[in-house]
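Protein chains: 2
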Amino acid sequence: MGENILIVHGGGPTAVINASLYGAVTEAKKHPELDHIYAAKNGTGGLLREELLELSEIPQEELALLLQTPGSAIGTSRDQLEQEEYDRMADILKKKNIRYVLFNGGNGTMDTCGKLYQTCQRRGFDVCVMGIPKTMDNDIAITDHSPGFGSAARYIAQSVKEVCADVRGLPIHVVVIEASGRNAGWITAASALAEDGDGNGPDLIYLPERPFDEDRYIEDVKRLLEKKSGIVVVASEGLRDAEGKPVVPPVFQVGRATYFGDVSAHLANLVIKRLGYKARGEKPGLLGRASVTMQSAVDREEAVLAGAMACAEVLKGTNGKMVAFRRISTEPYKAEPFLVDIDEVMMYERTMPDEYINEAGNGVTEAFKEWCRPLIGGELQKMTAWNQ
Amino acid sequence: MGENILIVHGGGPTAVINASLYGAVTEAKKHPELDHIYAAKNGTGGLLREELLELSEIPQEELALLLQTPGSAIGTSRDQLEQEEYDRMADILKKKNIRYVLFNGGNGTMDTCGKLYQTCQRRGFDVCVMGIPKTMDNDIAITDHSPGFGSAARYIAQSVKEVCADVRGLPIHVVVIEASGRNAGWITAASALAEDGDGNGPDLIYLPERPFDEDRYIEDVKRLLEKKSGIVVVASEGLRDAEGKPVVPPVFQVGRATYFGDVSAHLANLVIKRLGYKARGEKPGLLGRASVTMQSAVDREEAVLAGAMACAEVLKGTNGKMVAFRRISTEPYKAEPFLVDIDEVMMYERTMPDEYINEAGNGVTEAFKEWCRPLIGGELQKMTAWNQ
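Protein sequence lines, in the order shown, are assigned to chains A and B.
Residue numbering for the first sequence follows this note's numbering, beginning at 1 and increasing consecutively.
Residue numbering for the second sequence follows this note's numbering, beginning at 1 and increasing consecutively.
Don't read these hints as lab results, they were simulated from the structure.
Take the hints with a grain of salt, since some may be wrong.
From chain B, some residues computed to sit far from chain A (all C-beta separations above 12 Å) [stated by the list, open to error]:
#, residue
1, I58
2, T69
3, K115
4, K316
5, T330
6, G363
7, A367
Each computed DSS-like pair below joins lysine-lysine, with the alpha-carbon atoms no more than 27 Å apart [unchecked claim]:
#, chain 1, residue 1, chain 2, residue 2
8, B, K278, A, K382
9, B, K334, A, K29
10, B, K278, A, K278
11, A, K245, B, K278
12, B, K245, A, K273
13, A, K115, A, K273
On a predicted model such as this, the values are computed, not experimentally measured, just so you know.
In this text, a Cβ means the ideal position worked out from N, Cα and C, and glycines have one as well.
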C-alpha cells in the first residue's frame, strides 16, 4: 500500500484559493510514490467525517479550470476544533495511510495546521504537515504578502477607478464604497492604486487601523466638496470609534446577537443628514473575493507556486512549516518563496504599519502604494476624459 | 465657414456610452466637410453655457481609449429643460453653425432630442438631430435592446455566478445581491444567465414588475434552505409591495425627502429576523454600470455601430430619428440597426413582458434567457467544483 497526500481548505475563499490547489495537485501528480491525492470535502469537518474526494484521476484540462474558479472547489469550513478532534483527525490520517497533509488557509487555518502538526509529533505519527498561505485580507505574519490579497487589491483598485470615472462624468456628490477587511486595512488601502496619473482615484480612505471620528469625516468631505462636485470615499467594513465600538449603530437584535447596518450606507447617510448633500453607499462585499475576472496575474502565479512548493517540500519530508514570500525587489518586482515555522504564524493578525498610513488618517502613503503596486499584477485599464 | 457637428450625452453613464462616442467621432472624422467636431461639456447644461469641447484634433489612439473608459468622457447631465432653453439651444446651434446634433442617452434624453428637433423644425432652422440609444436599464421602446444593457447584464451574470461559486464552497445561508433598474427588471433578470449548466446560478430572482410579498419571499427562502445550505437571491433595487410602496421601510427624513435603506440589506435582515438563518446583502450599485472590465463585446460593438450610424445618417440629412436594433436571429445572433421616429421613443419606459417572468414571480423563463444570452457577448468563465 502506497502513501497518500491530503489537501484541506480552511476559512473564506479568495479569487486564487483554487490556483494553489491546482499547483499542489499538479505537483502531486508528478510523484508516482503517491497512491491517492485526496481532498477533504468541505474542510476539516469533511476530514472528520472521512469524506474525502479523490483528485488523482481528474484530467489536467479540468484541473486547469481551477485557475479561474472562485470559491473553494473542494469546499471549506470555519470549524473551531477541540484537542479531541485533532486526535481523531490524526487517527483518520493513520487509517487512510495519509502521510502528507497540506492546509490552505489564513491565520485560523494555520492554527489548525500547527495543532495537527503538534498532535502528530506528540503521538509519534510519521505525518508531514505544511501550510499554504491564503487570505484576501493579507493579515498573515512574516510573509511579505499572501496569495489572495493581490486579486482582492486589483478588484477594489479597478472598481474604485471605474466608479471615480463614472462620478467624474455625472457627479453624485459623495459615493462611499465599502471594502473588506474587518481589522486589517490592506484591501481598503489598495483602492489608492486606482489613481495612476489620470485623476481617477479615491478622495478619502478610512482604515480600521485608525479610530474613526465622525466630525473629522464630515469636515474632510465638506472641505473637498468646496473644490470638487463629486468625491469618492473608500471605507473599511470594520471601522470603529475611539472606544473601539463599531461606527454603525446597531440595527436590530436577534437573541443575543446584535446586527449592524453597512458602513457604506451609514457614511452616505451621515453626509445627507449633516451636510444636505446627495450621497450613496455601495458594498460589493463577497463580489470582491470571488472575482476571478479581476484576478491579479502575479497573485495567481504566486498562489500556484505556493501550492506546488508546499507539496514538493512536504514530500521531501519538510514538516511543520508554511510557505511564505520574501520580496527581493520592488522594481522590477521579484519575490521568492521560503519556509517559516508554523508556530510563528498561528493566529497572529498583521495589520497595516504606521508608515503606510497618512498623518491625517484619511489616506495612505506613497510607500504603501509602492509596496502594493506590483501585487495587483500589471496596470489597470487606461482611460481618457476631457470634461474637466 | 464649414459645417459643424455636436455630440451631447444625457443621463447616467453606461459601460459603453463612450464606445458610441468613439463610433460617432471616428465616423465624423471621415467627413472633410465638417470643420468642427464638438462635444457639449457635461451635457445640455454645458451646451447652454456654450462650453464646447473640440474633438476633431484628438489622435485616433487616444480616441480608442474611449472603448474602455467608463463614465462619460465628455460629461453628462440630468437637467430638466424648459421650452425657453430649447430655443436658446437652437440659437447657440445657429451661432456656432452646428448643423448636426447627436444625443446619446435614454428615454429622458430622447425626449430632449425630440424637443430640440421640434424646436428647430418650428423655427425653420436647418439642423438635423438624431438619437443614439443608451441605457443600462434596457427600457427604451421599440428597439430589441439598447447599448449599455448587454454589459450591465454581463456584469450581474458573471458576478452572481462568482458569488454562487463562493457560497457553494463555504455556505452562508442566504446572500442577497441588489441589482440596478428601479422600474424595469431587465438587469436583475439577466442574473439568471449565471447558471449555464454548472449549477452556479441564483436561486430566487425578484423583479420590480411584480409586487413583492414578504411572506411569500420568506416561504421561498425557507423551502430552498431545506434542500441547500446556501442560496443566492437577486433583487431589484426598486421592489415595491402590492400597494406600490417601496418594500424597505424609510430610514430617515431630511426636509421633505424620505431616505430608504438598501433592498439587499433589508431582505437579508428579514431572513435573520424571521427565520434565524445567517444572511448578508451585497449592493454593487454603481460598480455595475461602470465596469469596463466586464463589458460585453457584442454590446461594445453595437454601441460603436449605433454612434457611427447616427453620425453617418445625420450627415446625409436624416432628421428626427433614433438608431434602434432589430433582431434577425438569436442563434446565431444577428441584429441590424434601423431608424425609428424620435417621437415614438420619447419618455416611454419599457418594462419586462409577462412571458419573460415565471408564474411564481420569483424567477425568469427560458424564453427570457434565450433572448438575453447573446447580448452578454460570449460565455461566462467556465468553472469546476467537486464538493457537492
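### Query
Okay, which hints does this one fail, numbers in order?
Of the numbered hints, 1, 2, 8, 9, 10 and 13 do not hold.
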